[in-house]
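There are 2 protein chains.
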Amino acid sequence: MRKSIFYTTMFLLFFVFLSSCNNKSKTDENKTKTDTATVNEKIDTVVIIKHIPVTTKKETAYKKEERKKAKNLNPLPSWNNTKTKKTIIDFVTTVTDKNSQYYINPENRIATFDNDGTLWAEQPSYFQILFVFDRIKELAKENPKLKRDKLVKAVVNDDLETVRKYGISGLGNLMSIAQSGVTTDEFEAIMKKWIKTAKHPETGKLYSQMVYLPMLELISYLENNDFMVYMVSGSGTDFMRPWSESVFGIPENHVLGSRQKLEYKIENGKPVLVKLPEVDYNNHYKAKPVSIYQIIGKKPVVAFGNADDDIPMLQWTMSGDGKRLAGIVHHTDSVREWAYDKNSRTGELDKGLEEAVKNNWLIIDMKKDWKVIFPYEL
Amino acid sequence: MRKSIFYTTMFLLFFVFLSSCNNKSKTDENKTKTDTATVNEKIDTVVIIKHIPVTTKKETAYKKEERKKAKNLNPLPSWNNTKTKKTIIDFVTTVTDKNSQYYINPENRIATFDNDGTLWAEQPSYFQILFVFDRIKELAKENPKLKRDKLVKAVVNDDLETVRKYGISGLGNLMSIAQSGVTTDEFEAIMKKWIKTAKHPETGKLYSQMVYLPMLELISYLENNDFMVYMVSGSGTDFMRPWSESVFGIPENHVLGSRQKLEYKIENGKPVLVKLPEVDYNNHYKAKPVSIYQIIGKKPVVAFGNADDDIPMLQWTMSGDGKRLAGIVHHTDSVREWAYDKNSRTGELDKGLEEAVKNNWLIIDMKKDWKVIFPYEL
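So the sequence lines, in the order shown, correspond to chains E and G. Following our numbering, the numbering of the first sequence begins with 4 at its first residue and continues without gaps. Following our numbering, the numbering of the second sequence begins with 4 at its first residue and continues without gaps.
With the rest of the complex left out, here is chain E (with noise of 0.2 Å):
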């Protein structure tokens, strides 16, 4: 059941993308990004973001300090000076305020954010998926009898007709040659590199410079006033935690996503963990409030998604007693960004739109809310 449902969901994301990579005249029509797209292609490190302090895992300790100092000084700068970021600033400064009937402990500070399309962006598809078919195509220069698989050939060649004639099981086929049968540390090998090098298909930036600056302003502003910050993500959590220090500053047990299962075994004498083909959590929807409870152990007091995927995360954290935050990022700005929300393929938002009015929920509109979206603007 639960398998059939990660199949199906990865079946949609898998339709967007082959529809995108068929209709990229009408997402340019929606973008003037592609311009600009080499400008940044000297840059051959992770580390893309100067100016907040979000570098290398080496450095973070040393510039979370630093970020206390700043401590309040000017936070959130590229926000514009609307009336979200006025509820934000507002929101904290009375939860750490020792002296306000709504203070929060900082134990009890966690907060929650979703991955793609409310930290990072996900057009034309989810990063993810754009990952499993650049891994496929590594695998097949390395050894190239893999290609004697017709869906494996079909890949290589961006044969997407043919790819979509496997459907579901096709998919399924590509994610486990894609993400299994290697050891952990031979995957997060894997992912640092592709971090490291892989280009957006559309805009040619490192997938590390698709980060939304605003959002890696809130993570700093909530982190520099004690907040615990979690990713919780439908993206996989071994996807996200080779680079979710160097390029959010979250730390790997703060990292909460889908899970594929895993096997201990001792192998030329020593213990390894080896990945599966099997899934062992999909972390989408309803699971979202499941897994902080499972792993977290806490009803969060933050909350910050983009789809109606995050609708029951909001919820179950806007449920508790006191002052709480609940965020919607709403993806509205057709030239610097993608616009779309109800009638989306990635990212839907249509019922998560009518809650946030229904219940007051923060709701970011990306156009006007937001000074600088992605770094690279800078």
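Don't take each hint at face value.
No distinction is drawn between identical chains; accordingly, a pair holds when it is met within one copy or between any pair of copies.
[Stated by the list, open to error] In the SDA-like style, the derived pairs of lysine to any residue whose C-alpha atoms are separated by at most 25 Å in a straight line are:
(1) LYS273 to ASN285
(2) LYS202 to PRO147
(3) LYS268 to LYS289
(4) LYS289 to ILE299
(5) LYS289 to ALA192
(6) LYS354 to THR87
(7) LYS86 to VAL375
(8) LYS289 to ASP188
(9) LYS301 to ASN111
(10) LYS268 to ASP311
(11) LYS148 to SER183
(12) LYS301 to GLU255
(13) LYS101 to PRO254
(14) LYS301 to GLU110
(15) LYS289 to GLU270
(16) LYS273 to GLY323
(17) LYS89 to ASN111
(18) LYS301 to GLY272
(19) LYS289 to ASN256
Please keep in mind that the hints were generated in silico from the structure rather than gathered at the bench.
Once you've looked at the hints, dock chain G against the given chain E.
Positioned in the frame of chain E, the structure of chain G alone reads:
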């Protein structure tokens, strides 16, 4: 498959409990503790460890600061000055010394501890099994109709002969009745009440008094030295979290146990998580390193256990680079605690002892290495 392993494990534990109940005289031969059983009965709070600063949740932040100040001044006072104590102190001193080649960054100072038999006692049976029996009796008091079920009636009447006849499926049913069909909030309240009031069947002590003081000191010592300490247990996460901080100073998000499935739903307009009678994760043996990786995302540098069940966690911990510490708590004290290893039906330690000797893991001899075992001895 996983489910069957779970029930098999529980079945074994169950028989240990039943056997021990029928053979109290045999157990008593090994210990002379029952005569002190009523001494502390008047204590009506979970805060029983007065001489080390692990007290109520409210005080924890302050107390932690206190601990930091006391850092490295006379650590491990309840340990005798044996080689074991020296090995631990030498390890911590070395890996926290920035000038040492074995220095470990604070972000990698992950320490994992088994719970039953490592941090608190596990005789005559795992305390979660004892909780399940207590809970069934309480439920039957609230709702006498439950006793129409012959198995429940047998538990209520301490008719263990009949209970035993129901075997594995019987135990599954009892656990379901005791631990599901309630919301997570309700279960937290149940556990908090139990840990505050329930008494151990042989010593008459609160379960929170049946903790090993030297291990509490070790946790404090590691935390003082910026280690992140996690509990990694076969017991239920939801069973442990409601008291992990007040009893051990370990916060909810550092507790990794077995898990039941949860369902997110809206009840009377309010989102809740309901505990289902299905196993989500059975955190035993090879599943321990797997859950550590899935949830924490890093290999520990310190791990302590007491049974064969902990072998993979310790093997995996020791397989990394640099200096690491693995320890086995060996139950050698038949007077102050219980003496058991190879042939024990709880916490069996057979191959684990061989592995410890072969790989030079630390073996803690409770009788020789510990000046005090339980806080109430003081």
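Subject >> Alpha-carbon proximity between LYS148 and SER183, which holds within one copy, between copies, both or neither at 25 Å >> reply: within (18 Å within a copy, 51 Å between copies)
Subject >> Within, between, both or neither, where LYS273 and GLY323 count as close if Cα-Cα is 25 Å or less >> reply: between (46 Å within a copy, 9 Å between copies)
Original post:
Checking LYS301 and ASN111: alpha-carbon separation at most 25 Å within a copy, between copies, both or neither?
Top reply: Answer is both; intra-copy 8 Å and inter-copy 24 Å each pass.
Original post:
Is it within, between, both or neither when you check LYS89 against ASN111 at 25 Å Cα-Cα?
Top reply: For LYS89 and ASN111, only the intra-copy Cα distance (23 Å) is at most 25 Å; the inter-copy one is 37 Å.
Subject >> Status of GLU110 relative to LYS301 across identical chains (alpha carbons, at most 25 Å) >> reply: Classified as both: same-chain Cα gap 10 Å, cross-chain 22 Å, threshold 25 Å.
**OP:** If the cutoff is 25 Å on CA atoms, where do LYS86 and VAL375 land: within, between, both or neither? Let me know, please.
**Re:** within (17 Å within a copy, 60 Å between copies)
Original post:
Is it within, between, both, or neither for LYS289 and GLU270, if the alpha carbons may be no more than 25 Å apart?
Top reply: between (38 Å within a copy, 14 Å between copies)
**OP:** Up to 25 Å between alpha-carbons, please classify LYS354 paired with THR87: within, between, both or neither.
**Re:** within (21 Å within a copy, 60 Å between copies)
**OP:** Could you place LYS301 and GLY272 in one of the four classes (within, between, both, neither) given a Cα distance threshold of 25 Å?
**Re:** between (39 Å within a copy, 20 Å between copies)
Subject >> Homomeric proximity label, LYS289 with ILE299: Cα distance no greater than 25 Å >> reply: Result: close both inside a copy and across copies, 16 Å intra and 22 Å inter.
Original post:
Is it within, between, both, or neither for LYS273 and ASN285, if the alpha carbons may be no more than 25 Å apart?
Top reply: Only across copies: LYS273 and ASN285 sit 24 Å apart there, 30 Å inside one copy, limit 25 Å.
Original post:
How do LYS301 and GLU255 come out at 25 Å by Cα distance, when the copy is not named: within, between, both, or neither?
Top reply: Both: 18 Å inside a chain and 8 Å across chains, each within 25 Å.
Figure legend: structure checked against the earlier numbered hints; every hint is met.
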